[in-house]
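Protein chains: 2
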Amino acid sequence: MPSSFDAIDVLAINSIRVLSIDAIEKAKSGHPGLPMGAAPMAYVLWRSFLQVDPSLPSWPNRDRFVLSPGHGSMLLYSLLHLSGYALSLDDLKAFRQIGSLTPGHPEFGLTPGVEATTGPLGQGAANAVGMAIAERYLSRYFNRPDAEIVNHHTYALVSDGDLMEGVAQEAASLAGQMKLGKLTYLYDSNDITLDGPTSLAFSVEDVSKRFESYGWHTIRVESGNTDLNAIHDALQTARSIKDRPSLILVKTTIGYGSPNKAGKSDAHGSPLGPEEAKLAKAQLNWTEKEPFSVPSAVKPKFQVIQDRGTELRNAWEQTLKRYRSNYPELAVQWDLCQSGKLPEGWLPDLNELSAPNSMATRKASGIALNAIADRVPWLLGGDADLSVSTNTALKNKGSFDGTTGQGRNIHYGVREHAMGAIANGIAYHGGLRTFTATFFCFSDYMKPSIRLAAMNHLPVTFVFTHDSIGVGEDGPTHQPVEHLAALRAMPNLIVARPADSRETGFFWELAVESQKTPVTLVLSRQNLPLIQGSSKDCLRGGYIVSREQSKPQIVLLATGSEVALALEVKKLLQSKNLDVRVVSMPSWGLFRQQSESYRSSILGPSSCFRTSIEAASPMGWKEWVGEQGIVIGIEQYGYSAPADEVYKKLGLAPAAIVDKILKSFPG
Amino acid sequence: MPSSFDAIDVLAINSIRVLSIDAIEKAKSGHPGLPMGAAPMAYVLWRSFLQVDPSLPSWPNRDRFVLSPGHGSMLLYSLLHLSGYALSLDDLKAFRQIGSLTPGHPEFGLTPGVEATTGPLGQGAANAVGMAIAERYLSRYFNRPDAEIVNHHTYALVSDGDLMEGVAQEAASLAGQMKLGKLTYLYDSNDITLDGPTSLAFSVEDVSKRFESYGWHTIRVESGNTDLNAIHDALQTARSIKDRPSLILVKTTIGYGSPNKAGKSDAHGSPLGPEEAKLAKAQLNWTEKEPFSVPSAVKPKFQVIQDRGTELRNAWEQTLKRYRSNYPELAVQWDLCQSGKLPEGWLPDLNELSAPNSMATRKASGIALNAIADRVPWLLGGDADLSVSTNTALKNKGSFDGTTGQGRNIHYGVREHAMGAIANGIAYHGGLRTFTATFFCFSDYMKPSIRLAAMNHLPVTFVFTHDSIGVGEDGPTHQPVEHLAALRAMPNLIVARPADSRETGFFWELAVESQKTPVTLVLSRQNLPLIQGSSKDCLRGGYIVSREQSKPQIVLLATGSEVALALEVKKLLQSKNLDVRVVSMPSWGLFRQQSESYRSSILGPSSCFRTSIEAASPMGWKEWVGEQGIVIGIEQYGYSAPADEVYKKLGLAPAAIVDKILKSFPG
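Same order as they appear, the protein sequences are chains U and A. With numbering that gives the first Met the number 0, letter number 96 in the first sequence gets 95, and the count goes up by one each step, no holes. With numbering that gives the first Met the number 0, letter number 19 in the second sequence gets 18, and the count goes up by one each step, no holes.
FYI, nobody ran anything at the bench for these hints, they're computed from the structure. Only a predicted model underlies this, so the values are computations on that prediction, with no experimental measurement involved. Just to be clear, a hint being listed does not mean it is correct.
Claimed, not checked - The list that follows gives simulated cross-link-like pairs (lysine to aspartate or glutamate, EDC-like), each with its CA atoms no further than 16 Å apart:
(1) Lys-575(A) <-> Glu-595(A)
(2) Lys-27(U) <-> Glu-644(A)
(3) Lys-27(A) <-> Glu-508(U)
Stated by the list, open to error - Computed footprint of chain U on chain A; a stretch qualifies when at least three of its residues, placed anywhere within it, have a C-beta under 8 Å from a C-beta of chain U:
(4) 5-17
(5) 174-180
(6) 209-218
(7) 486-496
(8) 540-554
(9) 642-655
Just so it is clear, CB atoms sit at the ideal spot from N, CA and C, and this is done for glycine as well.
For reference, chain U alone in the conformation it holds in the complex (with noise of 0.2 Å):
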């Protein structure tokens, strides 16, 4: 860890400065006042510590650098083209254009070095968390006293707006709660934010005291734009201390360099301008005449990352393959979960899902997920203070602690944000399978990290259960009634909201299968019938459960906890000579990946009269039971009582749906 900085590198930081700048000139958007204020404290972490691998950025046992205000994007642009990471100039070039590598914020998968999207504040930050549970886990359980195989850092640069944000306060708690060690926060601290100064909203909290009262270590550098000794000595400190996460607080300022904006929210948010870019290149003392010119002095100083990147992953190749001869069993192991695999025989034996017992789905799905995790030692999961009621604990399997690495259940505490975006940390870091669980309504809480779950192709398994109206006695402020339609519009998202315990055990089947998208299960507080017809074609979306007679003059469209509702008003209207299909649809986007001809021969002819039934908004089930169909579900909030009552009193009893059907049905 070279700790004498020279001249040279103070080039180099303002190399970084000057692309940022270069780039949103260029781009006419973007936000310079960040990359050109966090300039230093990024530049001493990845010169002297940050061990990672330019040229093979996927590289399992790298440290993870997540820059939570994604806003500031040009920072780690910069930073990953100039440590030689496969991003040219051209693309820097290209900085905010439509297929570039470099968009307006960071976004995993698409940029060689991005290890998660940011830009919605605080979810960076939280995500570090997560990375760093995950490392602990991997350590623990692949780990051997001569091969240690997983042994990395977590860093997150964050700024005020993030640690103003809820979701990153309930994380940092989490964080201290775990004692995670190997996790560093870099705190960009300039006293501005996008309105102005801080002293608007954010200058009576002392942040620091608030990390020590989570349980932090937290240490203060003055001059974080010119003291990068400093800088140097808080990042060595950071990692001598193994007992608590750290907090670097930097105080910086923001577009550093700017003769006119330096220190001022102008300089957040919007281009320098072409007078103001010449002015600043000339405080930096910057003598390239061309933009994107990077002086070739530099090149030594980031070369280092890419040397110590390539030497500790030889070392690191020699150890694994130590690790292979000596441990080939946890290797096979190793190399699936590496690639998102399974291991070989993990699909276990739900029969006892298919016995004709009446049972609440969340228990199914805590009888599945126990079966599954027995048999796939990366998988772990947790939940919001509720796995008493959500079912998801794992038997046996012992509380996730962050000091040993040791157990599989996260008690991530009533934080459901932080819930959401540490699984996606998990899922970022790769190597786990991993879940979360709540009620559905709190899925409110957790929205934002679900949605980036499904823009990042996360396979993180989001566990609701409490579904409806069922929850009963709770009231409406734990009834869910829009969340389906909610998440249902979300792109890259499955939900799924089994009718049986059979469907649902297919569901986790599917859950933890799932490569590239995430699934919500959707499941019900009360018990469920088994439905004789339920069977894995439910993974086809929408499916017959129970056949017409002969012809369907009624196609009833149902899912979850109204299918077995479903099942009652056909035999009510069977008594009538009405021949009726019932078709359980637990997945809207699985059935629209089927084909036309498939999902015609489920939802019947046109001349079939179509009616949904489900205890949930209506909103977006007229796409399935046509212009003549009809919709049965909920247009208000609940109310408090036991399940059955609140039921009867929003018109989903069998008797009331029937007469609405006969009222608007043609034949």
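Go by the hints and put chain A onto chain U.
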């Protein structure tokens, strides 16, 4: 403030406990642990401090009390009943039954004395911050040296779960920033949550230290179930500390009194059961044989609350009388704002919004909002560090200052979730109109609070700008796709996406006049042309902005920025001799409220071919275009690039839309 407590006080506290036990036993459902553990602190607050008038729960100058952990509702119901509110023993016996005044979680507007609907954790704690802000603003605006008509405290009882939630952390940070000296949290610290001991997820954190880091004063009460004097002294001290909010951390035992469940998570969320209830009563030395019996000895103890309230309210009525005679104009304003009305002449001239200019609807919104704010002194609001972008700054109205109560711009900082919950608190308090503002994408961060606004009929205006892929370069993390669908599915929420500056003005008028329904304004970042045919009919939710020549063959339905796009598409279709109608449909919800004949007059006869155009998820549009019609929307996440290019890339350019229409058009 009497401070000596005797055996009858203990009996009074046990009355709260036993009523709670009995109601939960009868309902066979509920949460006894909190009422049993927190009864002493709640009792001391109510008996010795709380300034309320049980005979007039709506007395404007009452102290506010919020039970943030709403699952402990029986604590509140017992207190309300015993203190003389219009909540009878029969009401308590109907706990958690349909139509009762005593639902599972407290519901605002239903039960006299319930100040906020709570249950989703963290919300109530944040609501209380809003109430304290409202008190500050109203006291500064209305009070005169000889006549102080606004001067009250705000108390929230908060739990471990509340304080883990990000929304409460954000709110507490802001309360510290604002130095809200008349806000006090009573923290029921019982070391137990639903899943077990807080050591699982919440034991490292030093909560008092955290609150000190926010700038709060903190006090600790060690024996919260027995030391009534300590609770009393702490509340006394909290009242005397005027320059900061106060946290009183009270150590308690959950389920205090229950011999086998006290101190265990078993006491949290299920009835004690008949046997244990009996044992608990014995341990509490309870001698009443019948359930729901209250010893008459405790009556005088609770009578104190009514007596104090009557006295205070009478004095206040005298003050108000003096106020009316000394400040007649202010008194008129007082009456108006207290009844949710607006001052005469509040409606501004918004003609400038009908000028044929290109203008972003966010900009038009800023003009309308400012014109209204100039005329409505009890309108205040703020943004999550984005006022420069959301155009919601109130010009020349100053920044809100929690010490003096001056200023009408609330700088929420990057705390969207607390912003929503605090705005709800302002609305719960009464006397003010309020709004919030952030980017539409971040509506997700505050969705739980929007839901509670809708459920509780709070007429908050939620402004969301940067409403679509039109955001451009900031890319997919900042480009809403599914958010319109998510909010449209929410009962009792008006979602409005105006097409131009003129429509925007009308929707601001609607929002400010709304009494029982929150309004979300979904506004563009980019400039939009004035739509020639736009008019006040936008408030009907859908209307024709461009008529057909004679008989419509094609009807284009669009919202927001896509109305102008639809007009371009119309031109192209006309050149192919097709007769086209264009409908602006800014609010599905308002459109649904119109008569069926109005709706079909707008949507056109079933013979015409309808196409919706909206840069968002297609979810739900089938309802409007019908079985034959087509929906043009976006079913993926966006791109980082200039807005026009993103539109083109996603198939929303006029020519591409025309192609799609012609491909499906049967004519």
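* To do: Output the numbers, in ascending order, of every earlier hint that fails for this structure.
  => Of the numbered hints, 1, 3, 4, 8 do not hold.
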